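Modelling step: build the complete structure from the supplied sequences, incorporating the hints.
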Amino acid sequence: MTVPTSTAPATGAVSAGTVGTPAPAAPARRPGPRVARLVPLGSLALAVGVWYAVSYLALPPDRRFLVPPPHQVLTVSFLDWTHLQPMLQALALTAQVALAGLVIAVLIGVGTAVVMSRTRLLERLLYPYAVVLQTVPILALVPLLGMWFGFGFTSRVIVCVLIALFPMISNTLFGLQSVDEAHHDLFTLQKASRWARLRGLELPAALPAIFTGLRTSSGLSVIGAIVGDMFFKQGSPGIGTLLDVYRARLQSEDLFAAILLASLFGVAVFALFTLLGRVCVGSWHASAADGH
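In terms of my numbering, the sequence shown has 344 at position 291, counting the first letter as 1, and numbering is strictly consecutive.
Derived from the structure by calculation, the hints contain no laboratory data.
Treat the hints loosely; a few may be bogus.
[As the list claims (entries may be wrong)] Estimated spans, in silico, between C-beta atoms of each pair:
| no. | residue 1 | residue 2 | range |
| --- | --- | --- | --- |
| 1 | R117 | T188 | 37 to 47 Å |
| 2 | A111 | R300 | 16 to 26 Å |
| 3 | H136 | A324 | 25 to 35 Å |
Keep in mind that this is a model prediction, so the values were computed, not measured.
Note that CB positions come from ideal geometry on N, CA and C, so glycine has one too.
Given below as structure tokens:
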């Protein structure tokens, strides 16, 4: 007796190309531009709410001067020109110190990284000193800087340089050493000189890393300027000097206002160099496409 065969596929059979092949995952949906704009506003509203909660719920009325509410800081310090004017003048001086220190740190940092990238011997010789600059507490050097360079503008700039130098050296060196070997081979075939290789290949390829270090160093330079203001008080006062004065006098509203101004200045500097990095690097690098 013959058993009839069926040409229909079995119920458990799966068409070719689907066995063991998972369906491609749907790309993650990014928030729209309207949502992206609302997120910072939401976080700001949350921070202000927490500030109010600490002022009115966590502190008794007799200790509320420790954390004055936001509207009190706004009316006493920001809307009163007699309070705001000295803060803006001090912030302008701090900005000059931070900018001067950052420029010097960038020049020294990039130059040192280029020298270290030439040979492994120079890297081993110089890199430990760069690490020492990063690890030595800057406050331990303040007395020496004061004795050597005085307690004015020059010492403040030197503090900025010491704090901001290491990120420029490390990031620039990383960028210079990360160039693809195939690109180096092309320049070798063309018998390019070291200067031509540096100018045409290594520095352009290291630009994303250089701007990463620049963003980090810019924030550290602002911090260094404020620290220098606190310890080197000869000459015109910087925002760090006013912070110390307001703390000693228990002027809480002015203290919070000065802290906010210094923070906003640091954010503005970081945003400026982020934008500059996108303009200089362009759209060819992944960091520009990702918005970093």
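Taking the hints in turn, this is what the structure says about them:
1. R117 - T188: 37 to 47 Å: holds (41 Å)
2. A111 - R300: 16 to 26 Å: holds (20 Å)
3. H136 - A324: 25 to 35 Å: Since H136 and A324 have Cβ atoms about 26 Å apart, the given range 25 to 35 Å holds.
Of the numbered hints stated above, none is contradicted by the structure.
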